[in-house]
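Fit chain B to the given chain A structure using the hints.
Protein chains: 2
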Amino acid sequence: MSNPVLIEVMRGQLVESRHRGAVAVCDADGNAALAIGDVTAPVFPRSAVKALQALPLIEQGAAERFGLGDEELALACASHSGEAAHVDAVERMLAKAGLLPSDLRCGVHWPIAQAAAAAVARCGAPSALHNNCSGKHAGFLCVARAIGVEPADYWQPEHPVQRAVRGVLEDFTGASLAETCCAIDGCSVPTWAVPLRNLAHGFAKFGTGRGVSAEWARAAMRLRQACAAAPWFVAGTGRFCTEVMQLFGQRVFVKTGAEGVYCAALPQQGLGIAVKCDDGSSRAAQAIMAAAIARFLPLDAGERAGLQRFVAPVQRNWNGFEVGQIRITEALR
Amino acid sequence: MSNPVLIEVMRGQLVESRHRGAVAVCDADGNAALAIGDVTAPVFPRSAVKALQALPLIEQGAAERFGLGDEELALACASHSGEAAHVDAVERMLAKAGLLPSDLRCGVHWPIAQAAAAAVARCGAPSALHNNCSGKHAGFLCVARAIGVEPADYWQPEHPVQRAVRGVLEDFTGASLAETCCAIDGCSVPTWAVPLRNLAHGFAKFGTGRGVSAEWARAAMRLRQACAAAPWFVAGTGRFCTEVMQLFGQRVFVKTGAEGVYCAALPQQGLGIAVKCDDGSSRAAQAIMAAAIARFLPLDAGERAGLQRFVAPVQRNWNGFEVGQIRITEALR
Numbered sequence: 014m015s016n017p018v019l020i021e022v023m024r025g026q027l028v029e030s031r032h033r034g035a036v037a038v039c040d041a042d043g044n045a046a047l048a049i050g051d052v053t054a055p056v057f058p059r060s061a062v063k064a065l066q067a068l069p070l071i072e073q074g075a076a077e078r079f080g081l082g083d084e085e086l087a088l089a090c091a092s093h094s095g096e097a098a099h100v101d102a103v104e105r106m107l108a109k110a111g112l113l114p115s116d117l118r119c120g121v122h123w124p125i126a127q128a129a130a131a132a133v134a135r136c137g138a139p140s141a142l143h144n145n146c147s148g149k150h151a152g153f154l155c156v157a158r159a160i161g162v163e164p165a166d167y168w169q170p171e172h173p174v175q176r177a178v179r180g181v182l183e184d185f186t187g188a189s190l191a192e193t194c195c196a197i198d199g200c201s202v203p204t205w206a207v208p209l210r211n212l213a214h215g216f217a218k219f220g221t222g223r224g225v226s227a228e229w230a231r232a233a234m235r236l237r238q239a240c241a242a243a244p245w246f247v248a249g250t251g252r253f254c255t256e257v258m259q260l261f262g263q264r265v266f267v268k269t270g271a272e273g274v275y276c277a278a279l280p281q282q283g284l285g286i287a288v289k290c291d292d293g294s295s296r297a298a299q300a301i302m303a304a305a306i307a308r309f310l311p312l313d314a315g316e317r318a319g320l321q322r323f324v325a326p327v328q329r330n331w332n333g334f335e336v337g338q339i340r341i342t343e344a345l346r
Numbered sequence: 014m015s016n017p018v019l020i021e022v023m024r025g026q027l028v029e030s031r032h033r034g035a036v037a038v039c040d041a042d043g044n045a046a047l048a049i050g051d052v053t054a055p056v057f058p059r060s061a062v063k064a065l066q067a068l069p070l071i072e073q074g075a076a077e078r079f080g081l082g083d084e085e086l087a088l089a090c091a092s093h094s095g096e097a098a099h100v101d102a103v104e105r106m107l108a109k110a111g112l113l114p115s116d117l118r119c120g121v122h123w124p125i126a127q128a129a130a131a132a133v134a135r136c137g138a139p140s141a142l143h144n145n146c147s148g149k150h151a152g153f154l155c156v157a158r159a160i161g162v163e164p165a166d167y168w169q170p171e172h173p174v175q176r177a178v179r180g181v182l183e184d185f186t187g188a189s190l191a192e193t194c195c196a197i198d199g200c201s202v203p204t205w206a207v208p209l210r211n212l213a214h215g216f217a218k219f220g221t222g223r224g225v226s227a228e229w230a231r232a233a234m235r236l237r238q239a240c241a242a243a244p245w246f247v248a249g250t251g252r253f254c255t256e257v258m259q260l261f262g263q264r265v266f267v268k269t270g271a272e273g274v275y276c277a278a279l280p281q282q283g284l285g286i287a288v289k290c291d292d293g294s295s296r297a298a299q300a301i302m303a304a305a306i307a308r309f310l311p312l313d314a315g316e317r318a319g320l321q322r323f324v325a326p327v328q329r330n331w332n333g334f335e336v337g338q339i340r341i342t343e344a345l346r
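These protein sequences, in sequence, are chains A and B.
Read in order, the letters of the first sequence correspond to residues 14 to 346 in my numbering.
Read in order, the letters of the second sequence correspond to residues 14 to 346 in my numbering.
If you are wondering where the hints come from, they were derived from the structure by calculation, not from laboratory data.
A few of these clues could be false.
Which bits of chain A does chain B cover? Going by a derived footprint, with three or more residues having C-beta under 8 Å, they are [to be verified]:
no.	region
1	20–27
2	36–48
3	118–131
4	291–299
5	330–341
Partner residues are not named here, just some residues of chain A that face chain B (Cβ under 8 Å, in silico) [stated by the list, open to error]:
no.	residue
6	F57
7	S201
8	G273
All values reported here derive from a predicted model rather than from experimental measurement.
Backbone N, C-alpha and C define an ideal beta-carbon position, used for all residues, glycine too.
Okay, chain A solo, but in the shape it has when bound (with noise of 0.2 Å):
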């Protein structure tokens, strides 16, 4: 296995460092529209599923009954930056459905925004509130109660809870999920391997309707309207997936998942975006997504200008001297 360098991290004139990678693109039909490097591997595709585990939220009933708006959906997507506005909301939804912080089982870590961590340490220390995945959780923990399962263990590969997600996966991925490829994620649930071209055309779907029944496209759009409404909450601020999804509002579906994972879907274009980078890096897998949308979305001046900014990134050091550029490579364009 081989894949091409698509990523160079220029310092002054030389490159600095390479990363190798793989990208598919698919339509609703599973028809290939652009395929990069190996796209048949099983690849963990971590956080970057988790608007279809957050699918059962919305078929199940859970969002309706307990009042679930844009931002909680979106944070059922989110890997949250652990904002102060991130973690109350995630604490409002876990109380719509009578369930308290202390049962999110995802772990603990201090928040990914710098600016967030220090003002929790300031006045104590992150509880599982501050995690990424605490919205994700939240959304489990809603569809245990909605469908009236004990949700104290709703994060076990055979709670119903991700057996239901195991179904949501099976059906808009149109992969076969063995035991042999679930591994557990940094959060404790499941993640299961699948192959990058069927992840592309999961999100395909998941950004069409088509191919999935009437109540998962209704949920699939419910979900999409929501981080397209409120992607502050799907991310944070500065961040790549809450940028790009203010620029672009309904016609950018894209979230990041751990180990340089990223899926998109382009609603209007009918195609779904699934890349891994080979070494697990965030910069380039986002440098990946960002050259992938740029390539099937037509822009305008100011889109394209918009979109550069994560295509070509300028390095900066301590001092904000420009010490580099992160560019994207012929196999790329």
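Okay, now just chain B, sitting in the frame of chain A:
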């Protein structure tokens, strides 16, 4: 250029991410003991050559004149974690030469150590003292004072301090440093690209004193002694460089650099080691360096076990569950 995959990051039963790289091991005559991948391509060594950058501090008499001890000399070679005792020692070092924290030009970032960052947040904000390079910069300032030049521009390529550093790098590595291979480091001083085999050769000379003048050999020995005596000051609590030098004392000098670089010296074996992970990953470069040390340094059972947790670290998630492992590939065994 296609270096071999040296590191696989496992999640469950699957390889989730892969890291390619190159390794050079040389003796002080420049004979290769090992060469994996392309060891002739220029590589920015970044902070991995801080010990070479600190040699003028001894050779120009600054350390003696200002009464710098082991901790301060170790800090001049360090990428420290910004823990309280690091910061205090850098401030003390500056004061000995009549300098102030405001003379530092390395820029400001939050301490690398999470606990230290939280402690700083509780009583204010970070300063240049918390920058992981503040000890190196304090060393540069001490050199400027000792040779009687205006210290203000000590970080500029044409300042006498940086010209002296460039001379040391050429003397030790045998590489001729053209302007085309100069870029700006994270802390704003010049970083010069040098082939990996030359870096390995340079660290064999650093570890043995062979192939350089008696003055440089003496300076190198003083820095190695200082780092072996005060390894916590070279990195910090729980960090690789600190723990390896705590384990092996003067038998190993090892130093990390940004973008996946490591350099080491094994004085008793007469060898230098240089590692570059293609994609700039620290987790991979660290495991590669640990494996290289394990290969060339005679180890007893306890030492082998101590090093093994860096060669093949277990990966845990936010709940402490084991989710996978980093492992070296056949190419590195």
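In rising order, the numbers of the hints this structure does not comply with: 2
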